[in-house]
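Line order of the protein sequences matches chains A and B. All residue numbers for the first sequence refer to our numbering, where the first residue is 1 and numbers rise by one. All residue numbers for the second sequence refer to our numbering, where the first residue is 1001 and numbers rise by one.
Do not take every clue at face value.
For lysine-lysine, the following BS3-like pairs were computed, each having C-alpha atoms within a straight-line distance of at most 25 angstroms [as the list claims (entries may be wrong)]:
#, chain 1, residue 1, chain 2, residue 2
1, B, Lys1008, A, Lys231
2, A, Lys245, A, Lys123
3, B, Lys1169, B, Lys1055
4, B, Lys1234, B, Lys1249
5, B, Lys1183, B, Lys1008
6, B, Lys1109, B, Lys1122
7, A, Lys42, A, Lys361
8, B, Lys1235, B, Lys1249
9, A, Lys245, B, Lys1109
10, B, Lys1235, A, Lys231
11, B, Lys1235, B, Lys1253
12, B, Lys1183, B, Lys1109
13, B, Lys1169, B, Lys1183
14, B, Lys1048, B, Lys1013
15, B, Lys1008, B, Lys1169
16, A, Lys231, B, Lys1234
17, B, Lys1055, A, Lys231
18, A, Lys245, B, Lys1055
Far from chain A, by Cβ distances over 12 angstroms, these chain B residues were calculated [stated by the list, open to error]:
#, residue
19, Val1006
20, Lys1008
21, Thr1016
22, Gly1030
23, Ser1069
24, Ile1074
25, Asp1098
26, Met1100
27, Glu1105
28, Lys1109
29, Phe1118
30, Asp1120
31, Glu1148
32, Lys1234
Stretch-level coverage of chain A by chain B, calculated; a stretch enters the list once three of its residues show a Cβ under 8 angstroms from a Cβ in chain B [to be verified]:
#, segment
33, 232-240
34, 251-257
These are calculated hints, taken from the structure and not from any lab test. Don't be surprised by glycine CBs; every beta carbon is placed ideally from N, CA and C.
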Amino acid sequence: MNDISDDINKDLKDQPKFVDDIGSKNQEHHTFEQGEQSILKKIQHFLHGNPTIVPVIILVLSVIAFGFIAGDRFFSAFNLSLIVQQVTIVGILAAAQTLIILTAGIDLSVAAMMVLASVFMGKLSVEMGMPTLPAIAIGFISGIATGAFNGLLVTRLRLPPFIVTLGTWNIFFALVIFFTGSQSIRSSDIEVNAPLLHFWGERINLGGFVFTYGAFLMIAIFIFLWFLLNKTAWGRHVYAIGDDKEAAELSGIRTDRMLVSIYAVAGLVVAIGAWVSIGRVGSVSPTSFYEGNLDSITAVVIGGTSLFGGRGTIIGSLFGALIVGVFSSGLSIAGLDVLWQRFALGCLIIIAVGIDQWIRKVSN
Amino acid sequence: MEPVLVAKNLSKKYGTVVALESADLELYPGEVLGVIGDNGAGKSTLIKVLCGAVKPDSGEILLDGKNVSFTSPIEARTLGIETVYQNLALSPALSITDNMFLGREIRQKGFIGKFLRFLDQKAMAEEARKRLSDLGLLTIQNINQLVETLSGGQRQGVAVARATSFGTKVVIMDEPTAALGVKESRRVLELIAEVRARNIPIILISHNMPHVFEVADRIHIHRLGTRLCVIDPKKYEMSDAVAFMTGAKEPPKSN
């Protein structure tokens, strides 16, 4: 028995004696100094604290570069405003996508949700004689419901968002075909029966810059979501869930309810995009925006939002969408084949994710 | 003196494994109660029951003399039992202020706060700064710094500040120094003393015997799913505690 006690005593003697070893309290005991940092580390830290800087730099550089390559035709007021018009729909989808990706999820169904909502709006108002505003409202409800459906599958069945939305993408697309019988609703019919659906496609000319109302609405959506994410508890909880879901739960956030609400809000944003898309395209086509899902993810990723959740800004996604627009426009004006636009976009995605990974290393 | 927190006859089985068998615990106002025990002694189950993460099969918990039961850590927290988890449960990508108020944000007054649910970020930053400087952590320069830019000790400080900021009656600290270096552990021990000085009692679970002996007023030794004894660290050596814990020595009769 004594032997054991002696052993224990010996073991304990090997432990550092804190009071003796560290010395008495001194003035600096509460300072947490940070060591000297190299320039590269400083850049890393700076980008870490300001994740929107990277897409802004890429946007500015690419505008300048294409100005040199493609010349005045690229730099004209008309072309620059055309780029903004062209990215309107992908921009709005990217805004919704950002909410989902911030929670460490992904939504492959946004474009299908949007087309489904636009089908409701068009079908009800043009072919079934419903007044336009209620038809639009039903389109919004469709967006919220499909979004919430995704959210419920993610939280109730605990399935990965990738799988859930891969499934619902196909389901929503099938519903679109079912409701439309693969027939488009023609622009001329919309113009006659429900001209309000074309509202966001109307243009105004500001000193040579031609903007659609939809472009302004896209900007408004981004500003609104910025406030939501940064100035409200709801927004802070979006980040907290994406960052560390368990920690968020222990902090008293009801993460499942939050997730459903996030998917529903994303659905509403998508439905607003559906209205804008009718104005932009003119008609309601069941097969339009087939690449919208992946384009929205591309914009978000290039905009500096991490696919691992919790990091990124909504405004970054706007820049991401604009970068994609600038590249497509610049490369086509420069006379390059579409395949090179694809090539450049692919490189951009990989570079963006690479930079994100590098920046994230700061926390270790 | 009446205890703040009492656990009576707590039992918990996982299948055939008995994790707790009529375990008791008392925590008195203003004290630091160390809880030690060998691996598998059931101390982590005991703590999980007290912080609301695990529901006991039987037994009761009294807080301020009133019978309480909770089904989640959030319910326990609402009643005033705050837990500083070993992994701290902080969101690294959010700021210090955001983390301190996560789930308990201060909203703006009037319409924009009530209906638009806008946050009063100024008030939260001020309050967070005050809480941290109360605990002697004033040297965190920027209250809106992201938590991931902080050191392990600083994060612990943020977690402790959060746990002591909301009308807290009891703080449970689970292995607060396990992941820290020597210097940072020292700061955390000072932090514990700081919290006790503000009359908030602490339950400290730790494997680190010297740390427990340094800051605890009483030490609860857990063995085979129940309380073996409670000792006064001034009257016993660490080697005695280890001997009781491992069964190498008979525990003292109740004191």
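Hints, verified against the model:
{"no.": "1", "hint": "B:Lys1008 x A:Lys231", "result": "violated (45 angstroms)"}
{"no.": "2", "hint": "A:Lys245 x A:Lys123", "result": "violated (41 angstroms)"}
{"no.": "3", "hint": "B:Lys1169 x B:Lys1055", "result": "holds (20 angstroms)"}
{"no.": "4", "hint": "B:Lys1234 x B:Lys1249", "result": "holds (18 angstroms)"}
{"no.": "5", "hint": "B:Lys1183 x B:Lys1008", "result": "violated (38 angstroms)"}
{"no.": "6", "hint": "B:Lys1109 x B:Lys1122", "result": "holds (12 angstroms)"}
{"no.": "7", "hint": "A:Lys42 x A:Lys361", "result": "holds (13 angstroms)"}
{"no.": "8", "hint": "B:Lys1235 x B:Lys1249", "result": "holds (16 angstroms)"}
{"no.": "9", "hint": "A:Lys245 x B:Lys1109", "result": "violated (29 angstroms)"}
{"no.": "10", "hint": "B:Lys1235 x A:Lys231", "result": "violated (54 angstroms)"}
{"no.": "11", "hint": "B:Lys1235 x B:Lys1253", "result": "holds (14 angstroms)"}
{"no.": "12", "hint": "B:Lys1183 x B:Lys1109", "result": "violated (43 angstroms)"}
{"no.": "13", "hint": "B:Lys1169 x B:Lys1183", "result": "violated (29 angstroms)"}
{"no.": "14", "hint": "B:Lys1048 x B:Lys1013", "result": "holds (13 angstroms)"}
{"no.": "15", "hint": "B:Lys1008 x B:Lys1169", "result": "holds (19 angstroms)"}
{"no.": "16", "hint": "A:Lys231 x B:Lys1234", "result": "violated (51 angstroms)"}
{"no.": "17", "hint": "B:Lys1055 x A:Lys231", "result": "violated (37 angstroms)"}
{"no.": "18", "hint": "A:Lys245 x B:Lys1055", "result": "holds (22 angstroms)"}
{"no.": "19", "hint": "Val1006", "result": "holds (24 angstroms)"}
{"no.": "20", "hint": "Lys1008", "result": "holds (26 angstroms)"}
{"no.": "21", "hint": "Thr1016", "result": "holds (28 angstroms)"}
{"no.": "22", "hint": "Gly1030", "result": "holds (21 angstroms)"}
{"no.": "23", "hint": "Ser1069", "result": "holds (18 angstroms)"}
{"no.": "24", "hint": "Ile1074", "result": "violated (5 angstroms)"}
{"no.": "25", "hint": "Asp1098", "result": "violated (5 angstroms)"}
{"no.": "26", "hint": "Met1100", "result": "violated (10 angstroms)"}
{"no.": "27", "hint": "Glu1105", "result": "violated (4 angstroms)"}
{"no.": "28", "hint": "Lys1109", "result": "holds (14 angstroms)"}
{"no.": "29", "hint": "Phe1118", "result": "violated (5 angstroms)"}
{"no.": "30", "hint": "Asp1120", "result": "violated (10 angstroms)"}
{"no.": "31", "hint": "Glu1148", "result": "violated (4 angstroms)"}
{"no.": "32", "hint": "Lys1234", "result": "holds (15 angstroms)"}
{"no.": "33", "hint": "232-240", "result": "holds (count 7)"}
{"no.": "34", "hint": "251-257", "result": "holds (count 3)"}
Going down the numbered hints, you'll see the structure goes against 1, 2, 5, 9, 10, 12, 13, 16, 17, 24, 25, 26, 27, 29, 30, 31, while the others check out.
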